[in-house]
Every structure is written in C-alpha cells, then in structure tokens.
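Visitor: Fit chain B to the given chain A structure using the hints.
2 protein chains.
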Amino acid sequence: MADHTANKVYLDYPPALTPEQEEYLVQTVKNWTVEHGLTVRPSTAIVPEETNPKNVLATNAPVTLFPSPFPKACFELAKSIQPVYNELYASIASDEQWLEEIMRELIEVDDFLANLWKIHIAVKEEGYVQDLFLGMFRSDYMVHTAEQAPPSLKQVEFNTISSSFGGLACLVADMHTHLATYPSPKHSVAYPLHPLFANSAGDTSIRTIGHPPHNEAVATLTAGLAAAHVAYGPSRSEPRLPTCVIFLVQDNERNVFDQLALSTHLYKHHHIPSFRLPTSKILAYTSIPSKESNPNRPLIYTPPSSPSTQFEVTVVYFRALYAPTEYNTPTSWAARHHLERSAAIKCPTILLHLSGSKKVQQVLTARPPDTDHLKAFLPTHPESVLENLRSTFAPQYSLSASASEASGEPEGIRLALSAETAANHVLKPQREGGGNNIYRTNIPPFLNSIPKSQWKQYILMELIRPPTAAKNTVLRSDGQVVSGNVISELGIFGTCLWRNTPGDTKPEILHSTEGGYLLRTKGKDSDEGGVAAGFSSLDSLILYEEY
Amino acid sequence: MADHTANKVYLDYPPALTPEQEEYLVQTVKNWTVEHGLTVRPSTAIVPEETNPKNVLATNAPVTLFPSPFPKACFELAKSIQPVYNELYASIASDEQWLEEIMRELIEVDDFLANLWKIHIAVKEEGYVQDLFLGMFRSDYMVHTAEQAPPSLKQVEFNTISSSFGGLACLVADMHTHLATYPSPKHSVAYPLHPLFANSAGDTSIRTIGHPPHNEAVATLTAGLAAAHVAYGPSRSEPRLPTCVIFLVQDNERNVFDQLALSTHLYKHHHIPSFRLPTSKILAYTSIPSKESNPNRPLIYTPPSSPSTQFEVTVVYFRALYAPTEYNTPTSWAARHHLERSAAIKCPTILLHLSGSKKVQQVLTARPPDTDHLKAFLPTHPESVLENLRSTFAPQYSLSASASEASGEPEGIRLALSAETAANHVLKPQREGGGNNIYRTNIPPFLNSIPKSQWKQYILMELIRPPTAAKNTVLRSDGQVVSGNVISELGIFGTCLWRNTPGDTKPEILHSTEGGYLLRTKGKDSDEGGVAAGFSSLDSLILYEEY
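Keeping their order, the protein sequence lines are chains A and B. Per UniProt numbering, the very first residue in the first sequence carries number 1; after that it's consecutive. Per UniProt numbering, the very first residue in the second sequence carries number 1; after that it's consecutive.
So here's chain A without its partners, still in its complex pose (with noise of 0.2 Å):
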C-alpha cells in the first residue's frame, strides 16, 4: 500500500459547502455549544479585560465542524494497548530507585524537576502515610503513514498529570453525532452526502459506521476518581468528617467548564461531593493536623463560604501545578510539599508526575538486546502485548554524552547536529506543558546557541509523518471559520489506582480501565498543539477501513 491509499480517505473530505450549508452548519455549531456547554471562558485577545470586568462571558471552545477521518486498526490498537499502558507507568512509578537512575542527570540541571525530588525525599524521610496511588492517564498519538506500509499508530507523549478535555472530547463526539445523524441519519440536514457518512450509498472500498464512536471518556475518568474515593476509606480524623474530592485548578483557568463535566458526573453517578481549590488557596483551605493531634494527616478541607463544615480530602485530582511557570509565588513550593504529605490519594503523586517526563517515554524506547525495560516492568504480559506497546514507539534518542545506547558520540547528538538528519526529528524538553519544541533544520543552530551542558534536557525523536492529505474546517472561539490542512492527535483516557506495599516495587493494581478519547486538530502550519492556547481545536472520530 503506497503512501497516497493512505491518503485516498481523506481526497475530498470533508465534503464541500454551499454558503447556506456553512450557514446552516456554522449556526448550528455556535448554538449547540453553548446550549451543551461545550464552551470555554474566552481569551483577552477575543474580549477585552474592560469589556468583560466579571468574567461572566462564555464561547464555543474552538471546534472542527466535522469529524477527522481516523484508520479504525489504529484506534482500536491505541485502546488495547491502554490497561498495559496503565500498569507499566504504574509499576514505573513504584520503582523509585529505576526512576531516580532514569533522572537523576536532569534533576542537576533542571531546577523544576530538582524541587520536586526532594519534596519527594522530604517526605519519603517523614514517612509517605498513603499507600494508594492513583492514574488518570492520556496517551497520545499520531497516525504515520509510510510509503509501502499501512497506517501506523506512534506515541506523542504520555500525560500522568492534569490529562484534559475528557469532559469536551465527549461534547463534541456528542455534537458530530448529532450533526452527522439529525433529523436521521439518512436525511442529515448539516452534513452534504459523504460516503464517509450514512447519508450516502457509499463507496464499497471504505466501511464507517457513519458517525463518531460513543466517547466515555467522563464516565471513565468520573469512574477512577471515584474508585480511589471509595478505596481511601472512613475518615482519618476525630470525630470522623465527611469526606469529599478536591479539584486542584489554576487561579485563572479558561478551560473550567471540561473539569466540570467530571466533577457534576462523579456527584451525579458516584453521589461523590467535590470542590474546586484554586493553586494560590491550597495552604489557605486546606490543613494537616499536628502529629500530636493525629499522625494520620488527613488533609482538611475548610470550604471558605462554610467554614463550619469541614471535609476531608480522600482525593486530590490535579488539573494544576504540572508545569514550572505555575509554582511562582514563595509558598507554591511549600503548597505541593503540604499535599504530598497528607494521607489524600495524590492524583498524581510526585513520583507519577515525574514517570511522565519525556526522558522516561525515551528511555523506554531502548530495545532488546540493548535493554528491555517492558519485560522488566511488565513481566506477566506475553511478548506479543510488549511489541504492540513497542510498535507505537517513535525513535528517540537521549542528548546525553554519558547516552547508554552509546559508545563514541551518541547517535541522537550526531542526528540532532547534522542538518540533513534533525531535518527528519524533533527537539522536545524534558518537562511538562507543552511548548518550546524545536523543529527540523532548526535543532542545529539551536544546539550551538546553547550550553553543551544543556543539551541533556532535550530529547530528539523522529517526527512522525501523519497523512498529508487531511483537511478539516474549524469554528474559533472567536468566530471565524477556518479551512485547511491539518494534523490530528489522539489521546486515549485510562485510569488506574494501585497499592504499593513497602519493599516491593510491583504495584498491586486494584482498577485499571480503559475508555473515552480525545482528537485535537491543528492547521498544518502550526507546530505547536494545546487547544486552550489556541492554537488547535476539539475533534472527534470516525473511523474507517479500507478495502
């Protein structure tokens, strides 16, 4: 199968529109939105601070008003592959010795990931008072297309913390079902006849469904939080307090109404009470009592419009604090200490927010005879299961002199420097948060611009080649409508809770589910992803086989 097959999906899609089809659509859209709260709190460069002193005003997230056509062989692997995926950054990290090895290079030279390992320590030498750990995962991909090979599935990244847009991702799944099939799914009203879509007899080469897969991502994620609510068990404190979640979130969050899809499903289904605590209010709100009163150091929760009715935190689900830009006032720090500290279920602990470090993904990557760290993490699994989690490994290569794949120069030092080679890779930096990528040509004068005792901080890994082909069109948060060429990402939601015993280094994993997804689409001139900065859109699916 040549290159262009793999494209052939995508030749004309989506399907053309007429001014009152785009009309009708773009209307649609912007209703739908904001009637399902598919929306976002919109940017100062959309509505002015002065305009919008109370920030009250909401906007349609930024979405494409179709969905991406998607090879449903690499769907399905990426869901298949989850649970292994849960428990290999489970059993990762438990190995804090393995973990400490894997990064102990970066944490001198990276002053972000040095403050969270001795707040690891710290508590470690105190005595960690909690032995459930829970995952709420995202894995990322792309699809590569090679000459003479079918669609492949290659890993991006692998989020352990504040993994985002399960609760959109299942609105706009919602929506293009809802476009693709209204009044029915023979006479859709929004949709031109697309043999992408049930509306037309089809071309018999490509099988679809005619729609996105159902998305339950929110019900997944709802179900792993309330999981390790019910595992952390009674209250810890005297007399005993109710218990409740907290949400950790950013002062100024923008993407507020996708953390509260979770929190109004897990009180909806689960009957679980949670409360939003703002970063800057963690030491405010919360408390720890002293050692003498309780050594259990249950983390209290003292809601500021209530403070006669306190709670204890049985989960702390971060959707904030995963990058170093957040800790900038003196008591950030002391405030992520507090937490790790308590006997709340951290979501995710420091150890876990660390297993997702870029350098950890690379080191993975090592195969046998070199290494063979799958096995050793995942020694139960047979060796086909490794090579499907192998399979979606893109090449990538440590800048590391002391690199262990190496002996002379390493390879990823000689194929970051030579212009010919980076032309085929990307620089990425070892932290959380998106950003700063480094692009083809530029990774050699980048390299030379800095300290060579820096380069350990990046990672080169091959750039993954998704079909050229793709188009889509995408509603801005602001209203534009925009058409184009574009890059699809897939994330693929899991959760998993587990229980460490101390002295051994497997975790006993107690729920571990797959479930829900996300595609994000950017225009293909824009290297960069992150769908609340902006730059790229809220998708969903639909999948398709060819013949």
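Hints are supplied without guarantee of correctness; some may be wrong.
What the hints assert, rightly or not - Among chain B residues calculated to face chain A with C-beta under 8 Å, some are:
#1 35
#2 57
#3 60
#4 185
#5 187
#6 257
#7 284
#8 285
#9 287
#10 289
#11 303
As the list claims (entries may be wrong) - Below are the DSS-like pairs computed for lysine-lysine, each with C-alpha atoms no more than 30 Å apart in a straight line:
#12 A:8 x A:186
#13 B:281 x A:268
#14 B:72 x A:281
#15 B:186 x A:471
#16 B:268 x A:268
#17 A:54 x B:524
#18 A:471 x A:524
#19 A:79 x A:471
#20 B:54 x A:524
#21 A:281 x A:54
#22 A:72 x B:281
#23 B:186 x B:54
#24 B:281 x A:186
#25 B:524 x B:8
#26 A:54 x B:72
#27 A:268 x B:186
#28 B:54 x A:54
#29 A:186 x B:524
To be verified - Here are the computed distance ranges between Cβ atoms for each label pair:
#30 B:50 x A:148: 50 to 58 Å
#31 B:44 x A:328: 32 to 40 Å
#32 A:468 x B:233: 47 to 55 Å
#33 B:290 x A:186: 25 to 33 Å
#34 A:280 x B:269: 56 to 64 Å
#35 B:205 x A:296: 40 to 48 Å
#36 A:186 x B:504: 53 to 61 Å
#37 A:296 x B:269: 26 to 34 Å
#38 A:324 x B:329: 40 to 48 Å
#39 A:280 x B:49: 31 to 39 Å
#40 A:324 x B:44: 39 to 47 Å
The set of hints was computed from the structure by calculation and includes no laboratory data. Because the structure is a prediction, the values reported are computed rather than measured. Beta carbons: idealized from backbone N, C-alpha and C, even for Gly.
Guide: Below, chain B without anything else, positioned relative to chain A:
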C-alpha cells in the same frame, strides 16, 4: 391575619452573606449557568457589536441567587386551575362570534388587531383545512396581600402565544436546588443556615421542603408539541414527505437557549425533528402547493442547507410574530397569512392569539348577575371550580363608553380619571408584547393627553399588592450583583390540543396538561416585566406554609 403576617417569612430572607460566601455563591452560579446552558446571547449594551461580530458569546441569563419564598396554597391553587384555564381559552378561541363581538370596537382603532382579524376572515372564506388547535399557555399571577386576609393569587395575564422561559425556568429550579442541597441538604456549602432551607433546624411556624419543587415545564411543553405532531397524522403530500415541527423565531433572538431546551427535548424524548425558522425566511423556506396540485395545503419546509430533503410541517410553534413591531417588512403580513391558511397546526391560530388579549381577560371578570361568561364557556364545571378561577381575577374595567357594566359614565373611566382612585390602578394597552403600562397617578394626565376615542384601547386594572418585604439578590447578565426589594410574578404552564367541529363552538379536548412554572423577579423600583429586556430575573420558588 394581618398584613405583616404575610410578610413575616421575608423578614430575614435571603440570609446575609459574608464576602467569602457571596464570592463562592456568585462564582458557582456563573459556572453552573454556562455549564448547563442557562444562558442568553448578551445584549449590545453588555458586549458591543464590534467585540462580538460573529455573535458567538454567551452569558448567564439574569438569575436570582436564591429561590423566592412563595405561599404553598397559592402555588397549588394556580396549578389546580390550569387545566380549567386551558379549557376556557380553547373554548374562547372556538367561539368566533363571541370573540368578534368582544374585539369589534378594538379592531376599529388598532391596525395590528385589524390586520390579524382580516387574515382570519380571508382564510375562513377560503376555508380552513386544519381542525386541530394547539395552545401552549402560561398564566401569570402575583401574590396579593391585604389586611386581615391570607395571601391570595391574582392573575396578571394569560399568554396564548410565545409563552416563553419554560426551558430556562427548569434550569433555574435545578440550580437553586443544587445550591440548597450540595453536597447534602443538611450541609449546603452555598447557602447559609436559614429556616426555609433544610440546613437549619428551622422555625416550627414555617413548613418547607427546603428547595424548589421540581419544574416539569420542558416535559409539559414538549409533550404538547408531540401530541399535536402525532395528531396531525401522516403527510398530506404526494408522495409523502417526512414530517417536522417548526420553531418560528425572531431573526435576532437572544433567548435562543430557552427555545433550544424544548427542541432538544422534543427530539431526544419524542424523536420528533424540528427546525428553527426566522420570520424573515417564512416565505423563502416554506411553501404550499397550488390548489390544483394539492388542495390539502400541506406546509412544505425546504431546509436551505439541504434543499433536496423537504419536510412537511405538522406544527408551527410561534416564538415570534406576537408584537406589532415584528410586522415591519412588506411581507410580514403575507407570511402570517401564508402560515394561517396552511394545513400545519398553528400554535396559535389567529383566533387563539386574539383570545389572549387583555380585553378578553377584562370581559371574563364580569361577574354574575351581570353576565356569566365562565359558566357559558365551562358548562360542565361545578360552580366551586369557577369560583376558584374567579378568585384569581383582579378587578378590571373597560374604558369603552359603551362598556356593558355601566349606565351613565362607565366605572372604569370614573376610577381612572380621579387621582385618588387611579393611585390604586394600572392602565394597560390591549396589545401583546409587554411594556407601555401607565401606573397610578400618571393615569389621569395620560388619558387627558390622548383623544378620548383611543381610551377603549386600554384596560384599567386594580393594582395587585405583592408582599412589601420581599428581597432577593440578582446576578445580572453583565456580572453585576444587585440586592434589594423585589416583586415576583408566577407563571404556570399548560398545553391544550383540541379539535373543532364545524358548526359547534365547543372544542373537543384531546390533550390538556398542566405542568411547570416560571418565577420572574424584578427590582421593586421597576414597574415593567420582561426578563429578556433585562429588567427582571429568572427565579424559582421555595414553598412555605405558615402556622
């Protein structure tokens, strides 16, 4: 029971808020509203057009932060008589001769009513082709307090066209219930302790369930539309077409999410598709076949986005064309005529539209032995039921010189011209659409400033005296929080489907339901209503009984 007794419940309501409590409550409401679609498109006074050229922004509907206390007995009376009101207005709209007599004088001086009547006559001459009628009603009341009497219920008006806010009213009740019961009724974090809430042991002289009653307005209203859609039967086109409901809307509707709540529910729960048709597009997107090709006059809707998929319209649900100002293009009247002569069930027909005029309301208040319109229209109901209806009538007077209740100068004119008696009255124009009421001592100079021949366009109504101590706090659509004395107006929704048999003025009732409520609350210094106009806020109620 003295006047102060009726007001006792309001004395310390709503409970005072600390700054922290207000911040939490307001922030929760700002988020809840947008998450659940309790929203409106902002006016240009809030967001200038140049900031929002694509009309994508939304903001919270103006809402009260607390539900307003409401006497349980009054609420239950209003609900219990709604089915009787349904039948009453079905009967009025079925008695063309009676209506004509009532309207004759007005038609002479009011172009709007005259044009409506002309359309009715023209269609009658051509022959109506639909014998089914749908009313979606809202009967509006205020609580009246008088010395030495328990609070009573007085009707403000009865709406037979475009009865709005059922969708948003359900959401407000849900929101207030959430605020009063989250995370549990005994430990509300949003509301301070108060005897009207379940969070407080309570004053034993007041009984309440601690949160608003469930609001079934959306279910009731969509069940009415669904009943009419089903009763329409199969397509009358050759070949048969798929059928749909049309929501007839204003071109620049800001209250769109209230309407979408109904259309979404209609599709989800009744599987009936509907489309939004702006009034400016009636003649462009709908058509009626020529008499030769199909004498049944089916109304054909051609979606502009999908011209090859035509639908036959079963029900035209008017959320527009109720006010004279809406007939502002050369084709407005032609469009109304076009709909009236079609086979679609009109909600409402012109006769039903006219039945909602204030003149009809005033005439109905005539009591035995003068006249007994109620008995004539509702011959099968016991006198006790009619007395319940009559108990909700505020005294009203015609200003027509030929008013039947008068010999010599009509009582209405006498009461209106004396400053002393005028002080207890409001002067209302006959037409639909709100606004332009003249209050109290402004009445005599106003009447003296217009030609006497125009007086008959007005109704004089005794002022209802709502509880003077009622207070609430409002979150406006611009984010401002305003507290003060308020006046509330209760609306009860009802729907009625009936058939008229030629020659019989008694309707055959096929479907008649009561269900759902609206509470609109406005600042006391404003004498006008209309949430959409920004003067008043959407509210819900907390029922109480005093002992």
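Visitor: It remains to establish, for every hint, whether it holds in the given structure.
Guide: Here is what the structure says about each hint:
1. Proximity of residue 35 of chain B to chain A holds as hinted, the smallest CB-CB distance being about 5 Å (cut-off 8 Å).
2. With its C-beta approaching chain A no nearer than about 5 Å, residue 57 of chain B sits inside the 8 Å limit, and its interface hint holds.
3. Contact between residue 60 of chain B and chain A, as hinted, is supported at the beta carbon level, the nearest pair being about 6 Å apart and thus within 8 Å.
4. At its closest, the beta carbon of residue 185 of chain B sits 12 Å from a beta carbon of chain A; the interface hint therefore is violated under the 8 Å criterion.
5. Evaluation of the residue 187 of chain B hint against chain A yields a held restraint, the C-beta minimum of about 5 Å falling below 8 Å.
6. The closest approach between the C-beta of residue 257 of chain B and any C-beta of chain A is roughly 6 Å, which is under the 8 Å cut-off, so the hint is satisfied.
7. With a least beta-carbon distance of about 11 Å to chain A, the hint placing residue 284 of chain B at the interface is violated under the 8 Å criterion.
8. Interface restraint check: residue 285 of chain B against chain A, minimum CB-CB distance 10 Å, threshold 8 Å, status violated.
9. Given hint, residue 287 of chain B at the interface with chain A, is violated; its Cβ is 16 Å from that chain's nearest Cβ, farther than 8 Å.
10. For residue 289 of chain B, the interface hint is violated, since its Cβ never comes within 8 Å of a Cβ in chain A; the closest pair sits about 21 Å apart.
11. For residue 303 of chain B, the suggested interface contact is upheld, since its CB lies about 5 Å from the closest CB of chain A, less than 8 Å.
12. Annotation: proposed proximity of residue 8 of chain A to residue 186 of chain A holds, straight-line Cα distance about 24 Å (limit 30 Å).
13. Annotation: proposed proximity of residue 281 of chain B to residue 268 of chain A is violated, straight-line Cα distance about 42 Å (limit 30 Å).
14. Between residue 72 of chain B and residue 281 of chain A, the direct Cα distance comes to roughly 42 Å. Violation of the 30 Å bound is thereby established for this hinted pair.
15. Taken as a hint, the residue 186 of chain B and residue 471 of chain A pair is broken in the structure, with Cα atoms around 54 Å apart against an allowance of 30 Å.
16. A distance of roughly 20 Å separates the Cα atoms of residue 268 of chain B and residue 268 of chain A; the hinted pair therefore holds under the 30 Å criterion.
17. A threshold of 30 Å between alpha carbons decides the hint, and for residue 54 of chain A with residue 524 of chain B the separation of about 25 Å falls inside it, so the pair holds.
18. Of the supplied pair hints, the one linking residue 471 of chain A and residue 524 of chain A holds, its CA atoms being roughly 9 Å apart against a limit of 30 Å.
19. Annotation: proposed proximity of residue 79 of chain A to residue 471 of chain A holds, straight-line Cα distance about 24 Å (limit 30 Å).
20. Taken as a hint, the residue 54 of chain B and residue 524 of chain A pair is honoured in the structure, with Cα atoms around 25 Å apart against an allowance of 30 Å.
21. Annotation: proposed proximity of residue 281 of chain A to residue 54 of chain A holds, straight-line Cα distance about 20 Å (limit 30 Å).
22. With a C-alpha separation of about 42 Å, the suggested pair residue 72 of chain A and residue 281 of chain B falls outside the 30 Å cut-off, and the hint is violated.
23. Taking the CA atoms of residue 186 of chain B and residue 54 of chain B, the gap is near 45 Å; set against the 30 Å cutoff, the hint is violated.
24. For the proposed pair residue 281 of chain B and residue 186 of chain A, the alpha carbon gap of about 26 Å is at most 30 Å, so the pair holds.
25. Our distance criterion of 30 Å between C-alpha atoms is met by residue 524 of chain B and residue 8 of chain B, whose separation comes to about 18 Å.
26. Pair hint residue 54 of chain A plus residue 72 of chain B does not hold up; C-alpha atoms about 36 Å apart against a cutoff of 30 Å.
27. With a C-alpha separation of about 18 Å, the suggested pairing of residue 268 of chain A with residue 186 of chain B holds against the 30 Å cut-off.
28. At roughly 22 Å between alpha-carbon atoms, residue 54 of chain B and residue 54 of chain A fall within 30 Å of each other, so this suggested pair holds.
29. In summary, the hint linking residue 186 of chain A to residue 524 of chain B is not supported, as the alpha carbons are separated by about 54 Å, beyond the 30 Å threshold.
30. At roughly 54 Å, the beta-carbon separation of residue 50 of chain B and residue 148 of chain A lies within the given 50 to 58 Å, and the hint holds.
31. Between residue 44 of chain B and residue 328 of chain A the CB atoms are about 38 Å apart, so this pair conforms to the stated range of 32 to 40 Å.
32. The given range of 47 to 55 Å is respected by residue 468 of chain A and residue 233 of chain B, whose C-beta atoms sit roughly 54 Å from each other.
33. Range check, residue 290 of chain B to residue 186 of chain A: Cβ separation about 29 Å, and the 25 to 33 Å hint holds.
34. Separated by about 44 Å at the C-beta atoms, residue 280 of chain A and residue 269 of chain B break the suggested range of 56 to 64 Å.
35. The hinted range of 40 to 48 Å is satisfied by residue 205 of chain B and residue 296 of chain A, whose Cβ atoms lie roughly 45 Å apart.
36. Between residue 186 of chain A and residue 504 of chain B the beta carbons are some 43 Å apart, a value that contradicts the proposed interval 53 to 61 Å.
37. Roughly 49 Å separates the CB atoms of residue 296 of chain A and residue 269 of chain B, a value that falls outside the hinted 26 to 34 Å.
38. The given range of 40 to 48 Å is broken by residue 324 of chain A and residue 329 of chain B, whose C-beta atoms sit roughly 60 Å from each other.
39. Checked against the hint of 31 to 39 Å, the C-beta distance between residue 280 of chain A and residue 49 of chain B comes to roughly 36 Å, which is consistent with it.
40. The supplied range of 39 to 47 Å is met by residue 324 of chain A and residue 44 of chain B, whose beta-carbon atoms lie about 42 Å from each other.
The structure is inconsistent with the numbered hints 4, 7, 8, 9, 10, 13, 14, 15, 22, 23, 26, 29, 34, 36, 37, 38, although it conforms to all the rest.
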